[in-house]
Amino acid sequence: MSDIVTKEQIRRPENLVYSKTKLLTDKALSYCPGCGHGTAHRILMEVIEELNAQEITIGIAPVGCSVLAYEFMNIDMQQAAHGRAPALATAVKRLMPEKIVFTYQGDGDLAAIGTAETIHACNRGENITIIFINNGIYGMTGGQMAPTTLPNMKASTCPYGRDVTTMGNPLRMTELVAQLPGVHFVTRQAVHTPSAVRKAKKALRKAFDLQKENKGLTFVEIVSNCNSGWKMTPVQSNKWMEENMFPFYPLGDIKVDGQLVK
Amino acid sequence: MKELKLMKGNEAVAEAAIRAGCDGYFGYPITPQSEIMEYLMYQDPQKTTGMVVLQAESEVAAINMVYGGASCGKKVMTSSSSPGISLKQEGISYIAGAELPCLIVNIVRGGPGLGTIQPSQSDYFQSTKGGGHGDYRLIVLAPSSVQEMADFAGLGFDLAFKYRNPVLILGDGVIGQMMEKVELDEFKPRWTEEEIRRNTPWSTMGKLNNRERNIITSLDLDSHKQEKHVAHLRDKYLEIEKNEVRYEEFQCEDAEYLIVAYGSSARISQKAVELARAKGIKVGLLRPITLFPFPKKPLLNYVGKIKGILTVEMSLGQMIEDVKLAVECKVKVEHFGRFGGIIPTPDEVVVALEKQIIGG
Ligand SMILES: Cc1ncc(C[n+]2csc(CCOP(=O)(O)OP(=O)(O)O)c2C)c(N)n1
Ligand code: SF4
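Going down the list, the sequences are from chains Y and D. Oh and the first sequence: position 32 is 32 in the working numbering, straight run, nothing missing. Oh and the second sequence: position 356 is 356 in the working numbering, straight run, nothing missing.
Hint data in this document are derived by calculation from the structure and do not stem from the laboratory. Please note that a few of the clues may not be correct.
[Stated by the list, open to error] In silico lysine-lysine, DSS-like type, Cα no more than 25 Å apart, as pairs: (1) D:K332 / Y:K27; (2) D:K188 / Y:K215; (3) D:K332 / D:K282; (4) Y:K212 / D:K47.
Since this is a predicted model, take the numbers as computed values, not measurements.
Generate coordinates for the entire structure from the input sequences, incorporating the hints supplied.
Here's what the structure looks like:
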């Protein structure tokens, strides 16, 4: 019996190599197992913790699967109407320029119903950070076509695949907003592998550092999976994402220091 | 020191908002209320009181900016006219659901649709019955003078914060555009961050270590909790109905007939009362100042004392429904209105009174 290691024996300070950031609550995530939202939440809150900015950060949650982000993020948060998060964030930052303000939005929220609010907040160069989770589909409402759905990709409202001649082409919002002078830093990341997570976290850190320096709008897209909506296992969905989403939505910086990359 | 000025209604509400310590205005141009944002931009209060003034990309964005600002415990406002107010309804519903204070000004023009840019009172239902989706009420103030446009900015913010509820100033093109003498309050300083944290412990200004995080939301996926929340809203609205009814009576003491009218219609009706009295008709005017809460009891008190009520509105007849409910249909109530941007004359009102109420 004595060679069975107990929990208490393992949980010694010298054995602890990682702990959950205090900026995530203990509430169990409402996301499907394997979904990228949870990882994105974690690195976002780790960055706010590293910046020691819990007391001055205000987050805006969207309508979408991450509508309950405020249940998990241990900071003051507001829950916007579908697509309107950048409008809320605009006011919060204008009224309290010394705070750190971010929105966290899905692709339906940001690139369909909220297109106007997104583009105009970007164009005004609001000094906020927009975090854009692009999973190519409407997750929350059950897998309908999003503006970002790939050509021929199936979704519940395009069961035969997205026909671009009648349903339009996928919208690359990130490239679009990168064109606007008010936008200072634009990058596209992913969170499906440890190295991608590290890079994405660095990108978030950079975005918030730039916000603190009042550089203008910073925009971080995270290409993510929706294994439920795509009707795949988490592993299959990550593979499918690499093979199909990344060629259309290539990872990397798009605008740095106010200059388009390439 | 109070200050006396000659101003348009639209300018008066803007100036009074600055003086009331307003933190932010977010709007989108539309006739007949564009002077509100123009006046604010010209005054540039960011340089004096620190008030933010921002032209949004749409009314939808503007009301959601108000939502974000109100969530921080800031005194924020927007203004628009009918088509723009329709666009704001989703945001207003969220603000009411999340129980946030804010000030909304609607300088009504004739509808439906793009309608006309001329004055109207056809947004009464939308203003007093909710307007957007869900069970909620706004506190609705109906100014009938430029002075009241100014006074209701401060009063509006006070009521909004007292009840954590959006307040709507329901004016119309006449009130917004006409010039009158107005006495302006002294400048009240804007709240500091410490004051906001003290006055609005629910606000999202950043989670300090000594408290739990604050969340502003209108969502509750648990229907039992949502039912409780809506019941709480109902109790709040009942409280508002108990405490905040405001109205004015004119020549009502010996009245055999009553005109009920608000806003510019009340101004016209006041003249009509004078004309009718000169002809020997004993008529008085009751002017609701709050449309929600509606002066139900004061109206009910007239049952048994008067022979009939004429409501005068620049619409097909919307407030008349509240008047009939208030008097429990125990008195004859008739509507007279012009609409589509036409303003009734006092003479027309007297004729309507004689035909529909006295002769009818
Ligand atoms: C005004 C309005 N229209 C529609 C909806 C329904 N709705 C909720 S979430 C959603 C789509 C969310 O998709 P996305 O933004 O891509 O986020 P995801 O769930 O995929 O993370 C829709 C259409 C709503 N809540 N409000
Ligand atoms: S539906 Fe999709 S986006 Fe939503 S939690 Fe599940 S996997 Fe994630």
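Of the hints given before, which are not true for this structure?
Hints 1 and 2 not satisfied by this model.
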